[in-house]
Structures are given as C-alpha cells and as structure tokens.
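Colleague: Can you build the whole structure from these sequences, using the hints too?
Protein sequence lines, in the order shown, are assigned to chains A and B. Counting in this note's numbering, the final residue of the first sequence is number 314, and the numbers go up one at a time with none missing. Counting in this note's numbering, the final residue of the second sequence is number 117, and the numbers go up one at a time with none missing.
Since the hints were made in silico from the structure, they are not lab data. The beta-carbon is built from N, C-alpha and C at its ideal position, and this holds for glycine as well. If a hint is listed, it holds; no wrong ones were tucked in.
Calculated cross-link-like contacts (lysine to aspartate or glutamate; reagent style EDC-like; alpha-carbon spacing at most 16 Å):
(1) B:K28 with A:E65
(2) A:K290 with B:E107
(3) B:K82 with A:D165
(4) A:K283 with A:D205
(5) A:K307 with A:D165
(6) A:K45 with A:D57
(7) A:K41 with A:E30
(8) A:K32 with A:D57
(9) B:K35 with A:E65
(10) B:K27 with A:E65
Facing chain B, according to a computed beta carbon distance under 10 Å, are these residues of chain A, among others:
(11) L61
(12) F110
(13) I219
(14) L300
What follows is each chain in one-letter form.
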Amino acid sequence: MMIEYMNLFIGGLILIIGVMIGVAFLVLLERKLLGYIQIRKGPNKLGMMGLLQTFSDAIKLFTKEQIYLNYSNYMVYYISPILNFMMSLIIWMVIPYYFNMFMFNLGVLFILSCLSLGVYMLLVSGWSSNSNYSLLGGLRAVAQTISYEVSLALILMSSVILIMDLNLFMYKLYQDMIWFFFMMLPLSLCFLSSMMAETNRTPFDFAEGESELVSGFNIEYSSGGFALIFLAEYSMILFMSMMFVVVYMGGYSMSLMFYLKLVFISFFFIWVRGTLPRYRYDKLMYLCWKIYLPVSLNYLMFFLGLKLMFWFCL
Amino acid sequence: MILLFIMSIIIFFISFILMIMSFSISKKSILDREKCSPFECGFDHKMLPRIPFSLHFFLITMIFLIFDVEIALIFPLIMTFKMVNLINWWKINLFFIIILLLGLYHEWNQNMLNWTN
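Modeller: Shown next as structure tokens:
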C-alpha cells in the first residue's frame, strides 16, 4: 500500500516537473518561431543558441518587486494566481499513462469540471485588482471562456458518443484504423478553434487586446503572480494540445509519435499566432453561439443515430 | 479518490511555495503612492472602477447557465448506454437534443444572441 503511494507521488512529481520544463521550452519555441515568422532571429545568446532564455526570464520574474495595490482585495488578489496554477497542474493528472498515474473512469468529466473552475480564477484576478483595464479584460475573458466551454463540451460529447466511454484510454482502441480527426472532420476543426478560444490564444485573445486593454486581466500582477498566471496559461495550452491528440489524433500510445503529435499541435497554436490577425469580439460571440453550437448539436444527433446503426447492423 | 485529493493538496503546496519563494526573494522597495495606484495613463483615479457594467455579459452568462445545465443532463447518457433498452434510449436522447436545438433557435429568433442592438 505504502509503495503504491510512493509510486504515485513520484510519478506525479515527475509529471509536474516535466510539465513545467515543457512550458519553459514552449515559451522558447514560441519566441523563436515568432522571430523566424517575422524574419528576425529570436533569443539566441543565452546558453547555447538561447536555450536558457526562459529559465533566466523566470529567475528575473521571481526576483522582481511585488507591489501592494491600493483598494485591492489583497487576499483574493494574492491567492488567485496560486489557484490558477494549481488548477492547471491538477488537470494534468488526467493524462492517460499506463502506469504510475491515476486511472480515471470519468476522465472527460474531470477535464470539463477543471476547465469550468478555471473561469473563476480569471474572474477573481480581473475583479480583485481594482483597475478598469483588468476588470474589462476579466469580463471579456469570462464571457469568451464560458461561451466556448459550451461548444467545447458538446463537440467532445459527439466523440465520446462514438466510443461510449468517458475514459481517455478508450480513444486509443477505437482509433486504431482511422483517426477521429478524419472521421468527424468539420467537428475536429471546430474543436481546434474552440481550444484556441478557450485558452485565450491569438486569433481570439480578447482577454489581452494590447491595443485597447494594456494586458487584460493580469495588468496589476507583478512578479510571482504574473509568473504563475503565465505558467498556468502555457501549461493549459500544452494540456489542450494533449487532449486534442488523445481525442482526435490517435490516442495515447507508449511511443514517441504521441509526443511528436503533441508538439505539432502546440506548434500549430504558435503558427496561428504568427499568421492570423485578431478577430472581432461580437463576431467571436456569433461564431460560438450561432455557428459552433448549432453545428455541434446537429452533429450530436447524427452521431447518436450513427452509433445505434453501427450497434445494430454490424 | 483519496489519492487524487492528496495529490491536489501536494500541488497546492507546490504552487504556494513558489509564490512564497517569490515573495521572500523578491527585491524589496519602499511603498510609493504612484506605484500602488491602479495602472492608468497620466491621471489619478477618483472613483472606484467597480461599477455595474454591460448587460450583454450578464445575458450571455444566463444563456451559458442554461446550456451548461443541459450538458450536465446529457452526460449520463454515456453511462446508461450499457444498461437500458437502446431504442428507448435513442428516442429519449433524440427528443432531448431536439428540445435543446429548438431552444437555441428560439433564442436566436428572439435576438438574444445579438451582441449589438
């Protein structure tokens, strides 16, 4: 019994450390890639070819000064980045490893509940810092995140109906011959862009529209708080790409290909950031409520019938 | 379940330790009136910014609430798939999803989804 606890503890710790190092290198990848997209070099001095850039950035961030804001609800203001970071690490526990990790029979449900809890941290950190910009950024981020959560859940629902199980392991068994990416083609692309809106990434990054709100809900955060929010955002991006690979691109297998696909999807996030301009906020809402939601509901009906037809005819 | 709880407590302590670490090693400086005021360009705040804002965000949240409850009602259909008569299961779920779709179209028809008036 004790050895199992130890195993689990060590496995979880290694996973957390791996996620954090992955986040560091994802940030480096983003800066390098944006550099080369804009025909300039990214960070290339520190360490070997800029490999140590993010670590030194992290050290710099953590040693910066922390301010005490007037009129802010300081306790809430202080604790919301911690909870944000904690939530983005807890959601990683659902990763479908075959050993030394948790076995989630209701993994999809766990993912959805963790995503819903992430909204509160946005709301609280926007509201409690008592600034106009952060309040506006927080409101926008909350409205966008909850709208896209509905379409995300419904799109996920139709892929869950195909396998009739909430366990993330099962996606591997059902995608042996063909990826769900090709089998439910419009829906998987909808899922990809809903993912971008859910993590507040660039074509939909209204939480930090630099031109109107300076940095969105995290303006007033300085050293440690900003670092934690930043880490949480990027680990959420990594998690979303992991989920996309598990659900639509072949599931978890104990091979290098899984990780390569994961890196490709996170590369895609950055690629989109380097390519597309920002969308318009009302168009974003229309996209969610008038296009993705009816499409995903209709497809849900279609897949319900398809599953029943396969069940009886094959 | 209890293992997951223990793990989340460990994760909470890790993130808390990060924050405390940054609090203790960060460069201290004297409190400054300009530094502690909320971020603004060129003028000082006179009022609190926590005013009631736009009704659209509230309306979107109301619609979200309804749809989220309905998603929570849809989810058990996965678990009941192996236990019930499938034709009845299919009819009930089809009926439910059609009601959801009609509700969405009704809201659309009533201009609830329009962002600007």
